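Number of protein chains: 6
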Amino acid sequence: MSDEERPVGPLDALKIPRFAGPATFARLPRRDEVTRCDVAIVGVPFDSGVVYRPGARFGPAAVRQGSRLLRPYHAALDVHPFAAQQVADAGDIACNPFDILEAIRQIEAGAKELLSACRRFVAIGGDHTIALPLLRAVNERHGPVALLHFDAHLDTWDTYFGAAYTHGTPFRRAFEEGLLLRDHSIHVGIRGPILSPQDLVDDAGFGFRIVSAMDLETLGVAGVVQRITERVGGAPVYVSIDIDVLDPGLAPGTGTPEAGGLTSRELLGILRGLRGQRLVGADIVEVSPAYDHAEITAIAAAHAAYELLSLFATEAP
Amino acid sequence: MSDEERPVGPLDALKIPRFAGPATFARLPRRDEVTRCDVAIVGVPFDSGVVYRPGARFGPAAVRQGSRLLRPYHAALDVHPFAAQQVADAGDIACNPFDILEAIRQIEAGAKELLSACRRFVAIGGDHTIALPLLRAVNERHGPVALLHFDAHLDTWDTYFGAAYTHGTPFRRAFEEGLLLRDHSIHVGIRGPILSPQDLVDDAGFGFRIVSAMDLETLGVAGVVQRITERVGGAPVYVSIDIDVLDPGLAPGTGTPEAGGLTSRELLGILRGLRGQRLVGADIVEVSPAYDHAEITAIAAAHAAYELLSLFATEAP
Amino acid sequence: MSDEERPVGPLDALKIPRFAGPATFARLPRRDEVTRCDVAIVGVPFDSGVVYRPGARFGPAAVRQGSRLLRPYHAALDVHPFAAQQVADAGDIACNPFDILEAIRQIEAGAKELLSACRRFVAIGGDHTIALPLLRAVNERHGPVALLHFDAHLDTWDTYFGAAYTHGTPFRRAFEEGLLLRDHSIHVGIRGPILSPQDLVDDAGFGFRIVSAMDLETLGVAGVVQRITERVGGAPVYVSIDIDVLDPGLAPGTGTPEAGGLTSRELLGILRGLRGQRLVGADIVEVSPAYDHAEITAIAAAHAAYELLSLFATEAP
Amino acid sequence: MSDEERPVGPLDALKIPRFAGPATFARLPRRDEVTRCDVAIVGVPFDSGVVYRPGARFGPAAVRQGSRLLRPYHAALDVHPFAAQQVADAGDIACNPFDILEAIRQIEAGAKELLSACRRFVAIGGDHTIALPLLRAVNERHGPVALLHFDAHLDTWDTYFGAAYTHGTPFRRAFEEGLLLRDHSIHVGIRGPILSPQDLVDDAGFGFRIVSAMDLETLGVAGVVQRITERVGGAPVYVSIDIDVLDPGLAPGTGTPEAGGLTSRELLGILRGLRGQRLVGADIVEVSPAYDHAEITAIAAAHAAYELLSLFATEAP
Amino acid sequence: MSDEERPVGPLDALKIPRFAGPATFARLPRRDEVTRCDVAIVGVPFDSGVVYRPGARFGPAAVRQGSRLLRPYHAALDVHPFAAQQVADAGDIACNPFDILEAIRQIEAGAKELLSACRRFVAIGGDHTIALPLLRAVNERHGPVALLHFDAHLDTWDTYFGAAYTHGTPFRRAFEEGLLLRDHSIHVGIRGPILSPQDLVDDAGFGFRIVSAMDLETLGVAGVVQRITERVGGAPVYVSIDIDVLDPGLAPGTGTPEAGGLTSRELLGILRGLRGQRLVGADIVEVSPAYDHAEITAIAAAHAAYELLSLFATEAP
Amino acid sequence: MSDEERPVGPLDALKIPRFAGPATFARLPRRDEVTRCDVAIVGVPFDSGVVYRPGARFGPAAVRQGSRLLRPYHAALDVHPFAAQQVADAGDIACNPFDILEAIRQIEAGAKELLSACRRFVAIGGDHTIALPLLRAVNERHGPVALLHFDAHLDTWDTYFGAAYTHGTPFRRAFEEGLLLRDHSIHVGIRGPILSPQDLVDDAGFGFRIVSAMDLETLGVAGVVQRITERVGGAPVYVSIDIDVLDPGLAPGTGTPEAGGLTSRELLGILRGLRGQRLVGADIVEVSPAYDHAEITAIAAAHAAYELLSLFATEAP
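Protein chains in written order, with my numbering: chain A, 859 to 1175; chain B, 859 to 1175; chain C, 859 to 1175; chain D, 859 to 1175; chain E, 859 to 1175; chain F, 859 to 1175.
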């Protein structure tokens, strides 16, 4: 490509130390600094949909801070995610903390605007409520998608305190709205007590399969990748990562922790196994920094985002 | 009084260590364990009205845990707050985290029910939104009251993101609803940048006076007590303590910290100076334990509650 | 069963948010609120038997707080632990922090009283000293039992500073008192330096086998379950879980941490493999919240307790 | 002033929540977003000059995060610091962490460039080493200045491990280089053990006076302001605030903590008393966030910066 | 004095950085490294006497770590505490954590041995139980002494759970044993709820006066010094500092925190006012590092010790 | 061996509790207390070579504190590491924090002096810069060695900000200086983004092989041991452990954390597999306690050191 088309990468760490410089994701350029945007990193600081510990509104700032050590080359995938495509930080989508429905509209509008100019996005939450409007925007561009969902929880509840739109319900709503391909979606990392067997019946009825966290003990990373690959079956895939898919001992900075989760190595390994899938967008949610320590949760989330960006880059134009 | 009328006090710490036993406030009996209730301690775990750091929904549990060391006798006021009156823990008022207006109705109903059976309450928040429905309940019983408000912030804003009922607006709403006596209310501890001079004009228009945190440097505790006494002028007083009145260095566990606050000694000293006032109810709000350390904020709040209970006891039946 | 026999379960989280309501385990009823008690959860806030970091006296309160997210249905075991049996929170057994022998008598008396009314208990420590009096109570009802002991340490030392009853000695004492079945007991998770080879000789002499933490690398969860099953051999089993069986990186809130431990997924997986065993009681000890972060240790302990309750439920009347 | 001259202020918090939006100081515009810059906020993430706890390299990011709650109007000084002058965030001055002398040159060059375009700056450290090159830049524009120095330490040592340029020596070097007016400089907040009486002799020889932290007990805020005013005597003043002037209990996030410090209220009160002085520049240094808790140190530093900006505004063009 | 008599001071910080070198108090020589010992610093890691949060057994290590920044010259008292006398670190007195009475005997024996060779000691606890055996040792050498006691609590209770020797009882026992001069002892910093008015009656009966924490608001540091001076009346004085005399917001690392305490500046100022008193020994107790943050409590304790050492030096041989 | 030759071991924990006594590694004797020293534990508190989070200067003190629970017998290796050889704590090598080159010279000199008297050492960092001078000293005694390097990073960069000697470059420099055997060195645990593919080309050119962290998922501990064994091929081995080889969730107290690391069980298991190798020395670096929690990182490092000492003991004289 010509010089003017060459993507603008992160700041040069040999000139500006990693602890200095702007607080964009991986010290990448802001979206307004580049003329082209293949992938937008966008923050969605909204957490009014949570049922237990709040605080994910501070997630985008934390994940950006946790991304300062990300370097330009992914050796395992042999790709330069910031050179093969223009990645830019699109800032935050401002949304109303006091009105969930208005916030959902704001996020949907923001995401659609992004997709009008950028090919893909990785959204940084915020709580899982944000996945619904993000999927709506993805749907407008790609039609129904397979959902690859990493989480301790199904997030296919119906209502909570009469509220239909919370961080426990996005994927039931998404299914009802026709945003998800039937029989191509899958949850990975499910564990912990649930409300009733009906939760599982409903979930299966929405076309989901489940790889539980405990399945990792027998399937291993490769086995889980195979299950995902079979399930997705070549469909366009939206990846939604609730950071509570990780064990709370490794990723304490989150709101509804359940013991017995994945390690970050397992998560990164599974993501890496997605090479070749048709990824259309992604979110990483539920990083709640008030419960984090030494940025460990934020760093895990930043590395998960880096895997996604690298996967995008393997099929970049 | 006869034996059956004698208030049931906290568990005996010489038999059950303070780190053991039920998680009621000061290890007092639950409301359902006593036949009489002069003062109810009630939790209001609601924080959906906050504009910055959430988490005060965990405040009631934290303050109860921070109250385990409270002993039965207040030497400076020479009173036994748990013997001069029946204090009981009324548990939490459950409220909807997704619907502020419904939550306010639930809190109002809960507080009215309490006041139908108990003479007074000390409510433990929760964010400052809860003061409005609490004042409505107090008003039903006592009519308009003088408000003695400890806080870094005025909390007389109008709206935020279009929302009229948040933790920044309870006292403007209370004034508009006629719940406050004009010219008898006072803020103590105000500090930090504000939005505009109009905030002060409005606030004065609602009949408030201000003792700023910096005034403590010149007035001292005694001077502030005098200002309060003059302002209140013998009217029935409702005390609302936002724990962010304390310096964030001393009380980090809160949501909208402002440097330059009061010490807990100053707060306790001022409260102690209220002896002789006609106190009709109180709340202590904005303890957000995810930001606390070693329970220091919760302990300060628990001690402030103890001062209020002791003041109540000085005029107990 | 008839309506009046139907167990009273936890508070309904769709009406009372999980961050609200009483601080009982999993928000279950207190023992005095129910007429029947199949399983008692009981706190034993005693830590005067520790040799290094104290603080487990605050363990029961922490584990109860960490249990607020536990929901009613265990999918992997397909059981409703709170519906198949009446589980109730029996509060704390008060014991003397200054006199280990008296404390042991108090715990033994408390546990015996519990077992006079409840079929089984899960005790929440407290340090491991408490296992001895708990086993005495179990013995009175069931005779000698197989001990399934999860721990980094053998806990079969003899004395320490001349003291025969500490958190390092309960199972030697239990063996000497005839509380344990010879040749049916097993330690899981043992690791770290020990005092001398004689420790192992003694331990074997008391009839124990060992599955070390490092064995997990080769045996996996299933292999460990098989070893346990073979060892226990159908005998009545008492399960004692020292939370330091987990890696200190995942469960820092404990007093004698040793690197190289189990993950919580491994622990939960092994427990789940006990389905079909004859469990007669259990304890979970050594949660020391002053060293915990974001409740991760307490949550792991609460989930382990949930597994035990679910196992109990699979063989409930 | 005309519309195009009106300063661009912070983001509107009624549209974009304070936890969202860019990580500039107080969410102000970046310097490259405005055509005019009266006051630059500039980060200097350098901490290779420290003798004890490092980490102030992360100070600028922390203080910016701690500044998100700063609102537009300073009531006590009756000034709008962001409207009376254009304040902009000039980002960080990148400097070499491995070569103190080169870093000092980089900081000096960066500050001179800033002052070629902006009237004044408030620099956010970094460690106190940075004050020397900042004073050099100020000197180029204003000639020698009075130094008003808030600190627990004199910072007029000679060398340490043979190094002449560390965070313990900037003001001896500044004096030697003729950057300071003789007999107009003053330290405020000095306390703690020192190396020898010669330290004081040297310091006096460089023309400094001292107000110790303990003097606050007798002088109070007003008395200290008077001492400063007399000492400064109308000269142009550079203010250098080492955050360790505050008590470590209130501001733990710093590198060389000494017990017995100022409260943030005292610091803000003294700063406020500088109204009318000719302030030519300022720095706030030694915020080390790895030792901070709940941002309390960063918030204190952000508020001190706000006082300085407000003072600047009282004499803005 | 001759060269061989010149005290050996701390390591030279210009050669060995303060973060390096041995973990003795202030990096002073060990007692076995010097031939003379005027003042011994001795750790007493015992905390089995506490009624609430344990952990002070780790106090000596924490205070030593917090003392690394102490430098050789005390400017306000114009004294070199490490040059005017030989100060040495005598290590820890090992004591039985499972037997309070034996531990007390061990501490008494250890302290007597120390005083057989060293003129004075500053003991670092450990919980307040240790003051009794320390006073016994002091009594053997000096006879009854005036007690200057800094604490939130009286520590003149009788028994707790039947135990006569706990951290709540040392000074009643000391009085009963004739170790204290009647009518010369004084508590400073008392606050918080107590068990009953009888506590005060008993305390007065043992010859104590009280300066409460709230008295600081009116008396100030100078006024408190005057009260102490009058009370002590020239008698030999033993100083016992429970670190909980400080506000828990400033010194969270302690076991029985009470809101409304002293600042470290007040404590250091009062200590400094003791110049001229006949100090015979001292302890600093109840530093519990598991609850500390960034060493702030340990640093406050280390500075208090430095004041005591400096006072000793003003009257050194 | 005769009595006078019998190594002096750690303090007896049955007489002096583990939380008491000197702060040497594992409470072993100091080097100056023993006449013979087979293995020296030496601290190297230097962190001026780091590119991101500093603080490893406090690593030696933290690891010593984290080693207090280490007991005398290693069951899996069936060896008494403190009895089979004289292990002693040689204190810290003081080095200049302001001059990397001088510090490297000081460390080299210190290590050479150590090796003139002690057969081997385990150095506790400090940052990874220290490995170069340590290897120089080892080379003087043993000639070129195989390097077994546990780390998330290659540490074979060339320069950073023009500096050739930082914590990212020691092994390129070591190779250039001929300190390493070509074709016998290996990195274990590598992961995370790197600068460019050239990093890998260079690294291979210096004769390194790589076992990535992700390889553990397929190879397991035994497979990694086999790879190491084959690579080392009987050569003398120097082991360098950067604690960031562990997952940051398990070992947060470090400076350049990368998600997806090893567990401490894996690290200990691999080390244990080195039995029979010819180990000539070792370091454990990059423990940065300001980011640690509850000593979990320090404890992991202490246990790794214990494995090394035990390996040494298996081939002790």
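Think of the hints as simulated: they come from the structure by calculation, not from any bench.
What you are looking at is a predicted structure, and each value in this text was computed from that prediction instead of being measured.
Among the hints, erroneous ones may be present.
When chains are identical, the list treats them as one kind, so a pair holds in a single copy or across two.
[As the list claims (entries may be wrong)] In silico SDA-like cross-links for lysine to any residue, where the CA-CA straight-line distance does not exceed 20 Å: (1) K873 / A1021; (2) K873 / A1080; (3) K970 / S1070; (4) K873 / A1062; (5) K970 / R894; (6) K970 / V892; (7) K970 / G1131; (8) K873 / L1039.
Results for each hint:
{"no.": "1", "hint": "K873 / A1021", "result": "between (50 Å within a copy, 12 Å between copies)"}
{"no.": "2", "hint": "K873 / A1080", "result": "neither (40 Å within a copy, 42 Å between copies)"}
{"no.": "3", "hint": "K970 / S1070", "result": "neither (33 Å within a copy, 39 Å between copies)"}
{"no.": "4", "hint": "K873 / A1062", "result": "neither (53 Å within a copy, 26 Å between copies)"}
{"no.": "5", "hint": "K970 / R894", "result": "within (16 Å within a copy, 35 Å between copies)"}
{"no.": "6", "hint": "K970 / V892", "result": "within (19 Å within a copy, 29 Å between copies)"}
{"no.": "7", "hint": "K970 / G1131", "result": "neither (29 Å within a copy, 48 Å between copies)"}
{"no.": "8", "hint": "K873 / L1039", "result": "neither (47 Å within a copy, 33 Å between copies)"}
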